[in-house]
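K.L.:
Spelled out from the first residue to the last, the chains are:
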Amino acid sequence: EAGVTQFPSHSVIEKGQTVTLRCDPISGHDNLYWYRRVMGKEIKFLLHFVKESKQDESGMPNNRFLAERTGGTYSTLKVQPAELEDSGVYFCASSHAVGTGTYEQYFGPGTRLTVT
Amino acid sequence: RKEVEQDPGPFNVPEGATVAFNCTYSNSASQSFFWYRQDCRKEPKLLMSVYSSGNEDGRFTAQLNRASQYISLLIRDSKLSDSATYLCVVNLGAGSARQLTFGSGTQLTVLP
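In order, the protein sequences belong to chains A and B.
Those letters in the first sequence? Residues 618 to 733, by my numbering.
Those letters in the second sequence? Residues 44 to 155, by my numbering.
Some hints could be false.
[As the list claims (entries may be wrong)] Cut-off 25 Å, straight-line C-alpha distance, at most; resulting in silico cross-link-like pairs (BS3-like, lysine-lysine):
{"no.": "1", "chain 1": "A", "residue 1": "Lys-661", "chain 2": "B", "residue 2": "Lys-45"}
{"no.": "2", "chain 1": "B", "residue 1": "Lys-88", "chain 2": "A", "residue 2": "Lys-661"}
{"no.": "3", "chain 1": "A", "residue 1": "Lys-661", "chain 2": "A", "residue 2": "Lys-671"}
{"no.": "4", "chain 1": "A", "residue 1": "Lys-695", "chain 2": "A", "residue 2": "Lys-658"}
{"no.": "5", "chain 1": "B", "residue 1": "Lys-88", "chain 2": "A", "residue 2": "Lys-668"}
{"no.": "6", "chain 1": "B", "residue 1": "Lys-85", "chain 2": "A", "residue 2": "Lys-695"}
{"no.": "7", "chain 1": "B", "residue 1": "Lys-45", "chain 2": "B", "residue 2": "Lys-85"}
{"no.": "8", "chain 1": "B", "residue 1": "Lys-122", "chain 2": "A", "residue 2": "Lys-661"}
{"no.": "9", "chain 1": "A", "residue 1": "Lys-658", "chain 2": "B", "residue 2": "Lys-45"}
{"no.": "10", "chain 1": "B", "residue 1": "Lys-45", "chain 2": "B", "residue 2": "Lys-88"}
{"no.": "11", "chain 1": "A", "residue 1": "Lys-695", "chain 2": "A", "residue 2": "Lys-661"}
{"no.": "12", "chain 1": "B", "residue 1": "Lys-122", "chain 2": "B", "residue 2": "Lys-88"}
{"no.": "13", "chain 1": "A", "residue 1": "Lys-661", "chain 2": "A", "residue 2": "Lys-632"}
{"no.": "14", "chain 1": "A", "residue 1": "Lys-632", "chain 2": "A", "residue 2": "Lys-695"}
{"no.": "15", "chain 1": "A", "residue 1": "Lys-671", "chain 2": "A", "residue 2": "Lys-695"}
{"no.": "16", "chain 1": "B", "residue 1": "Lys-45", "chain 2": "A", "residue 2": "Lys-668"}
{"no.": "17", "chain 1": "B", "residue 1": "Lys-122", "chain 2": "B", "residue 2": "Lys-85"}
{"no.": "18", "chain 1": "A", "residue 1": "Lys-668", "chain 2": "A", "residue 2": "Lys-632"}
{"no.": "19", "chain 1": "B", "residue 1": "Lys-88", "chain 2": "A", "residue 2": "Lys-658"}
{"no.": "20", "chain 1": "A", "residue 1": "Lys-632", "chain 2": "A", "residue 2": "Lys-658"}
[What the hints assert, rightly or not] Just some of the chain B residues that point at chain A, by a computed CB distance under 10 Å:
{"no.": "21", "residue": "Phe-77"}
{"no.": "22", "residue": "Glu-86"}
{"no.": "23", "residue": "Asn-134"}
Think of the hints as simulated: they come from the structure by calculation, not from any bench.
All residues carry an ideal CB built from backbone N, CA and C; glycine is no exception.
The task is simple: from the sequences and hints, build the whole structure.
P.N.:
So, in C-alpha cells, the structure goes:
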C-alpha cells in the first residue's frame, strides 16, 4: 500500500510569491491533515479535512493560507503571498474514516519551504 | 505552559542500555496517546499507540497514567538504529478523528 505522498519535496521562493503544496493521502483515508514545523518549534496542526469538507481549520495562521480538497482525494495548500515566517516543513497526514475505530495518523515526507 | 511537555534530552546511551522518556500533557480531556519517532529531516513515524494502561511491542513499552496526565516510553536493549527523536503526541478524540498535539521531542543517540 502506498503511503502519503507530498510534492514538492523542497521549494525555495521569494517573499511575496505564491507556492502551492500538494498532498496525496493513503487510498481510502477520508481524514487528511496539514501540519507545520517551523525551526526550533514543535509540529503544529493547521487544518483537518474529512473527505472534501474542512472539519477544523483552527490552526491556520492567517488568510494567506488556503487549503482545498476538491473531490475528497488529494489536497493542496496554497500560500499567497508568502512571508519569511512561513518557512518550515509542511507535513500532511491521513487516517482511516470515522467509525472504523482506527485513528492513527500516517505522515507524508513533508515539503520543506524556504522563503527568502 | 506547553500542552505536551517532554524531557529535553539529548539522551546519549551505549548499545544495550535501557532508556526511559517521560511526557506530561495539560489537557485532561485528551483521549488517545502516541509515541512517534522522527529521523533527521524525515517525517514522524508512528511507533506505538497508548490507549489504556499501556502496552508493549518488543523492546518498547509505553505506559499511561491518566490521573497524573503522564506518559512514558521505555526502550530496552537499545540498538544503534533506535537513534532518533521521539515525539510524545496526544489527541483529544477517542471516538472521532481529531488533530494531534505534539511535544517538542527528545533526541536519543545510541552509541556503539
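K.L.:
Kindly indicate which numbered hints from before are broken by the structure, ordering the numbers from low to high.
P.N.:
Of the numbered hints, 8, 16 and 18 do not hold.
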